[in-house]
Amino acid sequence: MLFSSIPFLYYFLAAVLLIYFIVPFKVKNLVLLLASLSFYFYGEPVYTLLMLATILSSYIHGLLIDRFRGTVWAKVFLWSSVITSIGVLGFFKYSDFFISNINALTRGDIKLLGLALPIGISFYTFQTLSYTIDVYRGDAKVQKNILNLATYVALFPQLIAGPIVRYTTVEEDLAERTHSFENFGTGATRFIIGLGKKVLIADTLGNLAKSFLASDEKSVVFYWVYAVAISLQLYFDFSGYSDMAIGMGRMFGFRFLENFNYPFISKSIAEFWRRWHMSLGTWFRDYVYIPMGGNRVPLGRWFFNTLTVWFLTGFWHGADWTFIVWGLYFAAFLLMEKFFLNKLFSKIPRVFSHIYVAVVILVSFVVFNANGMSGAIADVGAMFGAGNLPLWTGETGYYLSGYAVVFLCALIGATPLVKMAVLKIKENKIGCAIVNVLEPLFVVAVLLLVTAYFVDGSFSAFLYFRF
Amino acid sequence: MSNKIKNIVTTFVFVGIIALFVVLCAVRAANPVEYSDVEKRPLAQFPENITWESIVDKTTINAFDKYTVEQFPMREFFRTLKAKFALNVLNLKENNGYAVEDGSIAEIKPDYNQEILDYQIGRLEYAYDKYLAGNGGKHYLALVPDKNYYLGVDYGYPMPDYAGLVEQMKQKLDGMEYVDLFDSLELEDYYKTDWHWDQSKLDDVLATLGEAMGFGDRLSGEYTENVLEDFRGGYYDQSALYPSAEQMIYLTNKVLEDCTVYDYENGKTYGLYNHELYTSKTPYDFFLSGTRALLRIDNPNATTDKKLVVFRDSYGASLVPLMAEGYASIYVVDIRYVHPDLITRMIGSVEGMDVLYVLSTTVLSTKSFK
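As they're listed, the protein sequences go chains A and B. Position one of the first sequence corresponds to residue 589 (the numbering used here), numbered consecutively onward. Position one of the second sequence corresponds to residue 169 (the numbering used here), numbered consecutively onward.
These aren't lab readings, by the way, just hints derived from the structure by calculation.
To be clear about the criterion: a stretch of chain B counts as covered by chain A if any three or more of its residues have a C-beta under 8 Å from a C-beta of chain A, and this derived list gives those stretches: (1) 169-179; (2) 182-192; (3) 227-236; (4) 246-259; (5) 317-328.
For glycine and all other residues, C-beta sits at the position ideal for the given N, C-alpha and C.
Let's have the full structure, built from the sequences with the hints guiding it.
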């Protein structure tokens, strides 16, 4: 079930809110768990059992790690947990990738499994991994109440597209949390902002990307328009989803960490990744990069660590060489920044840093969205004039002018300008009162508009569902 | 308003809107809408025959998803809200494929379907080769451009390769003399809320055809303009924009009023214009009673004994009446609704008759032939 849909908004969420807020606190987690399992069952009836098995596995492993803490068995159970989780993820997500590569290398004919990817498996696997690792490290107390652990893993606001919520983030909230108008009001506003970002901006830019792909009048400029469109689409789609997750979590009294922080204003790729999909970046940092030694190792080892982390980051996004290349592409720029680019950019006007980041990011998302490696090479080549394409066509002008307002809104929305303006206005008492009057009206307007888009049938699947 | 009050108001507003539509959905569930007149199709109903298997394989879940969207209350209000937001606020060029220029709505299609076009051409070739070629008359081919041609030419919208389409038709139907109507029309010659052309603005088309086919001298060119109010074409509600209704003007004179139309399907005879059908769901059926397979227009005041066969679609329905002055009889064939094998069997010999194939590019690339 998509958040951006009539069944979710006017059936599922309505029912869950009603039941959740009329039952006493002690059964609220049970309500959330049952709601979350129903939510998952609605989208993936068969794989609900897999998720339950994953929860049970984490629960038992957590208990065993805690029970044998200080002995070698704790490490054994930690590895057992990691292998089980990665094994399940690998089987469902990467089997066909490995089989097709083995076939290609050996000219073999091993039949592909053709398994459907369980929705959200990459997210909830990483969440359960973080739980058992944190229990092993002593960063989190073991959860003896399976209901609470299951509620954490299955919590529907962040179940299928993140952010990757660490157990330690919601550990206290699971036991005790506040329900208030402040939480609900700010959560509802955040949810609506996310819904608007997804439906009004991301999906509209998605239509432009579709038009580009279907066009037989492509040009070099049209390729760049497409690159900007898909980059902004991905940002508004994914950050919109994170907003909805954070907002709904807040409505139910949970406080999830931020997942995006205006990544397009970055002056380096390193900064970009500190602002983009922050929960994934910090996950790899804390559970892969630092355990490997981080940057406090010899140069060669650090080089290896960096490449490993970005190989895995790319591979996490999808079982295709395109994604691996995409991850390693970022690794290359991160290494270059460390070696010489940062020094170079510190000596020239800041605008060049922004241009550099923009070009690197636009190219990266063209690769990300490409149809295989050959498609990626052709697309990136065409951006730089390698495809014998004209610089400009009539269709380029048509789509550029047609989407000018959407681009403008998206570009402004991708920066902190609006947030800063609102905060500035709220410094003044009258300004604050005006903003506070406008905010509920904004909620009404966006809610009605997205409903109009749903009814009109213009919603589309979240892009990050495939990961 | 303080932050505290704002959060209370936001909470009630959010919950209130959700609750309102939950209630309206429940009301609609008790009285579901069965058919959409706008979309001309049945709407999804609450899934039936629910079994464990149908849930697990997601048949029921998908059906329920569809049901919730299609039965959502105030459907047309929301469609209009979306269309106006997309076109007027986001300033997009089109919404769901509909664009508006100079108040005129058109459907934007960057391409035509070559497979369908090949089929349509094959059908015309069949009729021509088997029954009509070598009948002693002249054969003319005239194509009516879709409105989107003029949006493409005048406003830069993407449009199909019309030059290529025309060239294919000319090459494959090379026994016909091509009459170019593209330059005889402009966007204003079409209704604003419909894809059809406006009969009262076909003087250039008539002149072009009249000159090519030699009937122009036999037309009086004098007509009375009759106005029908509240014309709402197909794009009126399909686009969800619901603009102002417009006038439908039809042309009459003494000769046209005396013409009779014989319907081979039901054996009935009526006039060129059917007022009853103007109030139907497709008011353009006013012309020649709409989608009729085979008609014969007889002109008792004809100054010639020439007869004509016209292969047409709905565009031809409003054009052919104006050509009636130029012929003693016109056989009007809608090849979408009658197989070519039946035509000569029903109307008899076509020896010596000229034949006009006047077809719209829209119909040619749409799967509508039987």
